[in-house]
Amino acid sequence: MEKGTMKKTKSKSRRVFLTGDGAIAEAMRQINPHVVAAYPITPSTQVVETFARFVADGLVDTEFVVTESEHSAMSACVGAAAGGGRVMTVTGSQGLAYMFEVLGVTSGLRLPMVMAIANRALNSPLNIHGDHSDTMAMRDMGWIHLYSENGQEAYDNTVQAFRIAENPNVRTPVLVAIDGFQTSHMVETLTVETDELVKKFIGKYIPSYPMIDIDNPVLYGAADRPDYYMEHKRNQLVGMINAPEVIQQVGKEYGDLTGRYYGLVEEYRMEDAEYAIVVMSATAGSVKDVIEQLREEGVAAGLLKIRAFRPFPADEVAKSLSRTKSVAVLDRCGTGGAQGGPLFLEVRTALYEEKSPPQVINYIFGLGGRDLPLRDIKDVYLRLREIARTGKRGKLVDFLNLRE
Amino acid sequence: MKKQELKKWQELPIGGLILDMGNSSETQTGDWNPNRLVWNEDTCTHCLLCWINCPDASIKVENSKVIGIDDYHCKVCGICVEVCPTKPKSLEIISEEVA
Numbered sequence: 001m002e003k004g005t006m007k008k009t010k011s012k013s014r015r016v017f018l019t020g021d022g023a024i025a026e027a028m029r030q031i032n033p034h035v036v037a038a039y040p041i042t043p044s045t046q047v048v049e050t051f052a053r054f055v056a057d058g059l060v061d062t063e064f065v066v067t068e069s070e071h072s073a074m075s076a077c078v079g080a081a082a083g084g085g086r087v088m089t090v091t092g093s094q095g096l097a098y099m100f101e102v103l104g105v106t107s108g109l110r111l112p113m114v115m116a117i118a119n120r121a122l123n124s125p126l127n128i129h130g131d132h133s134d135t136m137a138m139r140d141m142g143w144i145h146l147y148s149e150n151g152q153e154a155y156d157n158t159v160q161a162f163r164i165a166e167n168p169n170v171r172t173p174v175l176v177a178i179d180g181f182q183t184s185h186m187v188e189t190l191t192v193e194t195d196e197l198v199k200k201f202i203g204k205y206i207p208s209y210p211m212i213d214i215d216n217p218v219l220y221g222a223a224d225r226p227d228y229y230m231e232h233k234r235n236q237l238v239g240m241i242n243a244p245e246v247i248q249q250v251g252k253e254y255g256d257l258t259g260r261y262y263g264l265v266e267e268y269r270m271e272d273a274e275y276a277i278v279v280m281s282a283t284a285g286s287v288k289d290v291i292e293q294l295r296e297e298g299v300a301a302g303l304l305k306i307r308a309f310r311p312f313p314a315d316e317v318a319k320s321l322s323r324t325k326s327v328a329v330l331d332r333c334g335t336g337g338a339q340g341g342p343l344f345l346e347v348r349t350a351l352y353e354e355k356s357p358p359q360v361i362n363y364i365f366g367l368g369g370r371d372l373p374l375r376d377i378k379d380v381y382l383r384l385r386e387i388a389r390t391g392k393r394g395k396l397v398d399f400l401n402l403r404e
Numbered sequence: 001m002k003k004q005e006l007k008k009w010q011e012l013p014i015g016g017l018i019l020d021m022g023n024s025s026e027t028q029t030g031d032w033n034p035n036r037l038v039w040n041e042d043t044c045t046h047c048l049l050c051w052i053n054c055p056d057a058s059i060k061v062e063n064s065k066v067i068g069i070d071d072y073h074c075k076v077c078g079i080c081v082e083v084c085p086t087k088p089k090s091l092e093i094i095s096e097e098v099a
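So the protein sequences, as listed, match chains A and U. Per this note's numbering, residue 1 is the first one in the first sequence, and the count goes up by one each step. Per this note's numbering, residue 1 is the first one in the second sequence, and the count goes up by one each step.
Incorrect hints may have been included.
[As the list claims (entries may be wrong)] Pairs of lysine to aspartate or glutamate residues, derived as DMTMM-like cross-links and limited to a Cα-Cα distance of at most 20 Å, are as follows:
{"id": "1", "chain 1": "A", "residue 1": "Lys-233", "chain 2": "U", "residue 2": "Glu-5"}
{"id": "2", "chain 1": "A", "residue 1": "Lys-392", "chain 2": "A", "residue 2": "Asp-379"}
{"id": "3", "chain 1": "A", "residue 1": "Lys-319", "chain 2": "A", "residue 2": "Glu-266"}
{"id": "4", "chain 1": "U", "residue 1": "Lys-89", "chain 2": "U", "residue 2": "Asp-70"}
{"id": "5", "chain 1": "U", "residue 1": "Lys-7", "chain 2": "A", "residue 2": "Asp-227"}
{"id": "6", "chain 1": "A", "residue 1": "Lys-233", "chain 2": "U", "residue 2": "Asp-70"}
{"id": "7", "chain 1": "A", "residue 1": "Lys-355", "chain 2": "A", "residue 2": "Asp-379"}
{"id": "8", "chain 1": "A", "residue 1": "Lys-319", "chain 2": "A", "residue 2": "Glu-297"}
{"id": "9", "chain 1": "A", "residue 1": "Lys-392", "chain 2": "A", "residue 2": "Asp-371"}
{"id": "10", "chain 1": "A", "residue 1": "Lys-325", "chain 2": "A", "residue 2": "Glu-271"}
{"id": "11", "chain 1": "U", "residue 1": "Lys-7", "chain 2": "A", "residue 2": "Glu-231"}
{"id": "12", "chain 1": "U", "residue 1": "Lys-75", "chain 2": "A", "residue 2": "Asp-227"}
{"id": "13", "chain 1": "U", "residue 1": "Lys-8", "chain 2": "A", "residue 2": "Glu-253"}
{"id": "14", "chain 1": "U", "residue 1": "Lys-7", "chain 2": "A", "residue 2": "Asp-224"}
{"id": "15", "chain 1": "U", "residue 1": "Lys-8", "chain 2": "A", "residue 2": "Asp-315"}
{"id": "16", "chain 1": "A", "residue 1": "Lys-395", "chain 2": "A", "residue 2": "Asp-379"}
{"id": "17", "chain 1": "A", "residue 1": "Lys-12", "chain 2": "A", "residue 2": "Glu-353"}
{"id": "18", "chain 1": "U", "residue 1": "Lys-8", "chain 2": "A", "residue 2": "Asp-224"}
{"id": "19", "chain 1": "A", "residue 1": "Lys-355", "chain 2": "A", "residue 2": "Glu-253"}
{"id": "20", "chain 1": "U", "residue 1": "Lys-75", "chain 2": "A", "residue 2": "Asp-224"}
No wet-lab data here; the hints were simulated from the structure. Remember, predicted model here, so these are calculated numbers, not experimental data.
With the sequences and hints as input, model every part of the structure.
Okay, here's the thing in structure tokens:
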């Protein structure tokens, strides 16, 4: 996001106090989707509750489908989107896991819907608090992933997500994630644009092959034998390949209207950073605070925040990190037996082609809502400085704020 | 019917959709079965019980007379053989080696 580039617009935006959930619900009210099918689950319950109130108060024209499960919610969304509607749902954690079977149907049929997620840990043990294991488990289901640092970004990403998903070159579902509780339940001051601006920005939805167009019949969800499945999966990938350009275009256009610009990644003090942390969502805010402290102490610390995790912005990541000496990737998700957390694997792979790549280490943090104190983030930077000084990397994957 | 030409991935409609109406006959649903159905013109009485019972419309009929089997769509389920009233049966399943 570029700073100090606030452009004068005719419309008057509002400064409001909202939770992250409230910010998403407010965006949904302004977007006024044709259909919302949802089954509320902590920590995104408030989005569904607030939106249900908007429906009851007649503030939206949405057909609000109260389903008996998340599997049904996503299935109803598939039907509504194939029918030709602008569709949205909300979930997280076990709910997202329960949707899993239908997630691939949505992306395989190239249905441009938007799903808001308040990230939450997966069972077992049962835990209602935030971490990224739910969306990381579905990272290869063909959905575009946008991660939000705070309520403002949750609002902005929700609005932009429709433009990205519905772009004729993309036509791929988009999920907008916020950190459960840290963002979903935290009341923040944020800017809400006027209803007119949002309405104009997202525009009228033109479905590509609506099933309810009886003059032009179309079949959705046909079976493939081995002679066509691969060709269809390759065809599906086109949307994902076209997505980065569209995400950046939409982010720029949104910035020109609101003063808040978005790209695939956000660089914070990276221009001269020697030691960098790569992280997604709310934790980026804490890291920025630590960077300011460290900069005063003369430590060249920087942050690379990933906004679009899928498709993964490998070129941007490599370009940004290749100038650094050492990098720590913070994964809010376990490794599941992989060589590291999902974000770490992506970042390290992105750097493989570099001539002299920085040392890259991985920390697992914040599982099940575990706090990440600023001193721990500071320690990460100090270790990165030590790695750069001695050339000794030490442990590749470690945990932060774990009793051991 | 000529062998289907397989399309490249660039030539396919978005999302695996099928945009043409009534094109299911283009899919040769009968090509996987190693067995084959044969029809005996000499014993057939053209009662058309086979035609009315066939789930895949694979009994070829012209002017109310059976003229043959559509091997591209016949899955050799054997329903026609079951319902055939002639003795001996006018429809028979033979294995691929014999065919």
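* To do: State the violated hints by number, sorted upward, taking the hints as numbered earlier in the document.
  => 6, 7, 8, 9, 13, 15, 17, 19
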